[in-house]
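Undergrad: Given next are the chains, with one letter for each unit.
There are 2 protein chains.
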Amino acid sequence: MLDNILDKVRALFKLFGFVPIDTPIVERLEILAAKGGDVDKEIYALGRAKANDSEAAEAELGLRFDLTVPLARYVAQHFNELSFPFKRYHIGSCFRGERPQDGRYRQFTQADIDIINIDRVPLSFDADIPQVVNEAIQLLGLKNYVFRISNRKILVGFLTGLRVENIQEVTRIIDKLDKIGRETVMKLLVDQAKVSSIIAESVLRLASVATSDIGFVDQVRQLGVQNELLEAGLQELEYVMRRVTSAGSREFSADLSITRGLDYYTGSVYEVRWNDHPGIGSIAAGGRYDDLASNYIRKKLPGVGMSVGISRIFGKLAQLGALDLSRKTSTDVLLIWEEQIEESQLQQIATSLRNRAINVEVYYAQEKVARQITYADRKGIPFVVFTRTSEIKNLVTGIQEPFDAQTFTGKAKNN
Amino acid sequence: MLDNILDKVRALFKLFGFVPIDTPIVERLEILAAKGGDVDKEIYALGRAKANDSEAAEAELGLRFDLTVPLARYVAQHFNELSFPFKRYHIGSCFRGERPQDGRYRQFTQADIDIINIDRVPLSFDADIPQVVNEAIQLLGLKNYVFRISNRKILVGFLTGLRVENIQEVTRIIDKLDKIGRETVMKLLVDQAKVSSIIAESVLRLASVATSDIGFVDQVRQLGVQNELLEAGLQELEYVMRRVTSAGSREFSADLSITRGLDYYTGSVYEVRWNDHPGIGSIAAGGRYDDLASNYIRKKLPGVGMSVGISRIFGKLAQLGALDLSRKTSTDVLLIWEEQIEESQLQQIATSLRNRAINVEVYYAQEKVARQITYADRKGIPFVVFTRTSEIKNLVTGIQEPFDAQTFTGKAKNN
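In order, the protein sequences belong to chains A and B. If you count by our numbering, then the first sequence holds residues 20 to 434, one letter each, in order. If you count by our numbering, then the second sequence holds residues 20 to 434, one letter each, in order.
Fair warning: there could be bad hints in the mix.
Treat identical chains as interchangeable: a pair holds within one or across any two.
To be verified - List time: in silico EDC-like cross-link candidates among lysine to aspartate or glutamate, alpha-carbon distance up to 20 Å:
hint	residue 1	residue 2
1	K347	D41
2	K27	E250
3	K213	E49
4	K347	E362
5	K60	E79
6	K27	D237
7	K347	D22
8	K198	E188
9	K387	D138
10	K27	D41
11	K27	E46
12	K347	E100
13	K60	E188
14	K347	D396
15	K60	D85
16	K319	D197
17	K387	E357
18	K387	D232
19	K206	D194
Honestly, the hints are just simulated from the structure, not real lab data.
Could you put together the complete structure from these sequences and hints?
TA: See below:
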């Protein structure tokens with residue numbers, strides 16, 4: 020069940036030292052709108068259905084559209100109580116007034132992890148973030164996805180080394196490579212960005228580099244461009260790729276076509292795509308940014324983080340019928356209420372089992388045993404207990420055997 | 020930390036066979052407003068901050084103000100997939116455009132449990148609900164509260180037996196006993212409800228009955244009123260009180276002054292008050308109702324449930340400084356990154372510990388050891404590990420001893 024999966028994701032984040040925060044779903048509109056850009060017109064604003072004048076004079080409020088804006092406000096507000104580097108996770112609902120379509124919802128759940136520090140963020144965290152998110156994606160049950168990593172310094176350094184002037188324009192065009200293809204990008208680079216076809220060719224060769232190991236370093240160097248920033252980017256990405264592939268994970272790809280968020284990210288960038296369902300867009304993304312909360316606080320607070328599209332993933336898994344929704348309960352055992360058995364006896368057995376973390380229901384009335392077993396069966400409760408004979412029956416295997424409440428630990432195999 | 024406490028509450032609900040549901044925070048306004056009453060003008064409606072005409076033509080939306088309306092819609096919508104009796108829990112945010120004050124928030128978290136069935140709800144569930152909620156309140160760390168239980172049939176039967184005609188009016192007055200006191204209630208009963216002073220006296224005697232065991236039954240019978248409904252109510256409440264007090268809990272009180280929700284509840288009613296903070300109102304409440312979803316579906320769906328005011332409780336605990344917020348992380352162990360140690364060695368140790376559910380951080384840079392220990396100390400991480408000497412230090416006790424990653428299980432005592 021979804022809730023159980025999210026419990027596991029929460030536990031995973033804690034395994035790596037992330038702490039949960041919870042911020043209000045409702046924020047002041049001016050805070051939400053401060054980020055600017057296209058998202059503005061998707062923000063839901065609040066009003067009172069039946070307000071009088073004094074109530075209408077309240078501050079204008081809206082619903083959060085991501086978990087980054089609330090993080091920034093939270094860090095600024097609690098700056099003196101927080102211990103840095105601050106590692107937080109946040110699983111919560113966000114809202115956008117989009118036209119609902121495949122992979123896009125008006126209310127959706129995001130799972131974000133970020134590490135924020137004062138002044139500088141150690142490179143080690145650039146590897147932690149994709150490592151944790153990759154494990155989270157595997158918990159969600161995804162297969163056949165690719166976890167692309169790049170570093171913004173590589174493209175920017177490369178273009179600088181080639182003395183390209185309109186770097187933003189070129190980056191914006193490269194960002195579309197996936198969608199519009201190599202030839203159109205080539206044409207746009209020459210016609211719109213006014214770079215020579217030789218340089219455009221070189222940039223396209225860089226953007227085509229994708230290796231599942233650190234082979235990308237040599238491939239880029241063979242392109243013959245010399246630049247300090249490029250070199251720094253290559254070294255950072257090499258470190259990250261070494262770290263994330265060290266345990267043998269095969270999902271990672273150093274892919275230099277990834278640019279993400281044109282102005283926001285400044286170093287590592289991440290993007291996860293589900294090969295079977297490219298249409299729903301990236302299922303997780305993020306990167307390193309220079310300043311989280313400059314709108315609110317006069318401290319430089321750089322960070323690195325990723326956001327996982329929980330609703331996007333679960334929505335597709337549900338469409339595919341790939342979510343096991345057959346068990347309608349977490350209950351492990353149903354205590355059958357047989358004739359001549361007092362309810363208080365059953366309640367005592369239930370308490371002793373619950374004290375050992377076994378989920379128990381006592382059947383709610385003294386009815387026909389067959390009816391009670393049907394109840395367990397319909398809900399997918401794997402075990403039923405008969406108190407009169409002290410026996411337990413596994414409804415999955417049909418095996419019936421002696422039952423001892425003090426020693427029984429048997430969670431079902433299909434739990 | 021709050022999140023850990025709510026994790027325990029979720030686990031508790033599952034121990035008793037409740038399954039989680041998650042419903043949208045945003046519902047259609049017509050669904051929200053269907054409940055009617057005072058809450059209407061507190062409903063937050065959604066609009067788009069910058070909408071054009073076609074977007075403004077969307078269905079009107081609002082934010083849920085409780086978890087009952089969404090439950091009704093959910094049960095009606097998924098009726099054919101659900102297995103009845105349907106036992107659900109729901110921990111979620113609700114929104115009311117109230118003036119914020121002690122114990123009242125515009126966004127607040129409720130934890131609800133309900134059991135819904137078709138046509139009739141077995142009495143056994145009337146005892147399950149307060150039992151589970153009482154355990155939840157104890158998990159939240161509350162002391163000195165009273166868990167009052169009554170049954171609407173008692174007052175209604177009693178008044179019927181006395182041939183009182185305007186039962187609703189009398190009930191409404193009795194409901195104010197806590198606030199306006201015995202004398203004013205007496206006056207209102209005579210002046211407004213037009214009952215004789217003898218009958219008013221008798222009703223007040225009933226409402227004054229409060230016992231921590233089943234003593235209330237005799238006390239009510241001594242008042243000498245004969246009525247079938249009264250008798251049914253007494254028997255139901257006796258059953259519930261026997262069940263909830265059977266494990267020795269001393270928080271419960273059969274208190275006949277409790278009426279709750281004048282038209283909604285029809286049998287058992289529950290109300291929990293925090294003796295130290297009566298000003299914040301009830302911290303949990305609920306009861307048995309005849310029909311959950313008659314607005315949506317032509318089935319009779321009675322139920323019994325309670326709602327716990329998580330924000331109200333946590334808000335007050337936080338004000339009191341009673342929440343242990345000293346540990347800023349769930350991390351159990353920090354691996355110190357000493358000189359001559361490769362990061363990859365530390366990552367391997369971290370992975371082997373995480374595989375055994377131990378929360379681990381690897382320090383993010385090879386810095387002075389004292390600085391790394393300060394990091395652990397500030398976050399409240401209880402253990403640090405020195406890889407070069409294979410030693411572990413408990414920062415709480417100061418004890419340092421040999422460390423073996425394969426056998427270490429030591430969660431800190433103050434975890």
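Undergrad: As a check of your reading, is K387 near D138 (CA-CA no more than 20 Å) within one copy, between copies, both or neither?
TA: between (70 Å within a copy, 19 Å between copies)
Undergrad: Is it within, between, both, or neither for K27 and D41, if the alpha carbons may be no more than 20 Å apart?
TA: both (18 Å within a copy, 17 Å between copies)
Undergrad: Between the shortest in-copy and the shortest cross-copy C-alpha distance, which are at most 20 Å for K347 and E100: within, between, both, or neither?
TA: Close across copies (9 Å), not inside one copy (42 Å); limit 20 Å.
Undergrad: If the cutoff is 20 Å on CA atoms, where do K387 and D232 land: within, between, both or neither? Let me know, please.
TA: The answer is neither: 63 Å in one copy and 32 Å across copies each exceed 20 Å.
Undergrad: Please sort K60 with D85 into within, between, both or neither, judging by C-alpha distance up to 20 Å.
TA: Close inside one copy (14 Å), not across copies (28 Å); limit 20 Å.
Undergrad: Cα distance capped at 20 Å. Does K319 pair with D197 within a copy, between copies, both, or neither?
TA: neither (34 Å within a copy, 54 Å between copies)
Undergrad: Which holds for K27 with E250 at a C-alpha limit of 20 Å: within a copy, between copies, both or neither?
TA: For K27 and E250, the Cα distance exceeds 20 Å both inside one copy (39 Å) and across copies (49 Å).
Undergrad: State whether the alpha carbon distance between K347 and E362 is at most 20 Å within one copy, between copies, both, or neither.
TA: Intra 25 Å, inter 45 Å, cutoff 20 Å: neither.
Undergrad: How would you label the pair K213, E49 (within, between, both, or neither) given a Cα cut-off of 20 Å?
TA: neither (39 Å within a copy, 56 Å between copies)
Undergrad: Within, between, both or neither: how does the pair K347, D41 come out at a Cα-Cα threshold of 20 Å?
TA: Between copies only: 14 Å across, 28 Å inside.
Undergrad: With 20 Å as the alpha-carbon cut-off, assign the pair K347 and D396 to within, between, both or neither.
TA: Within one copy, since 10 Å is at most 20 Å while 44 Å is not.
Undergrad: Between copies, within a copy, both or neither: which fits K27 and D237 at Cα up to 20 Å?
TA: neither (39 Å within a copy, 52 Å between copies)
Violated hints for the displayed structure, listed by number in ascending order: 2, 3, 4, 6, 11, 13, 16, 18.
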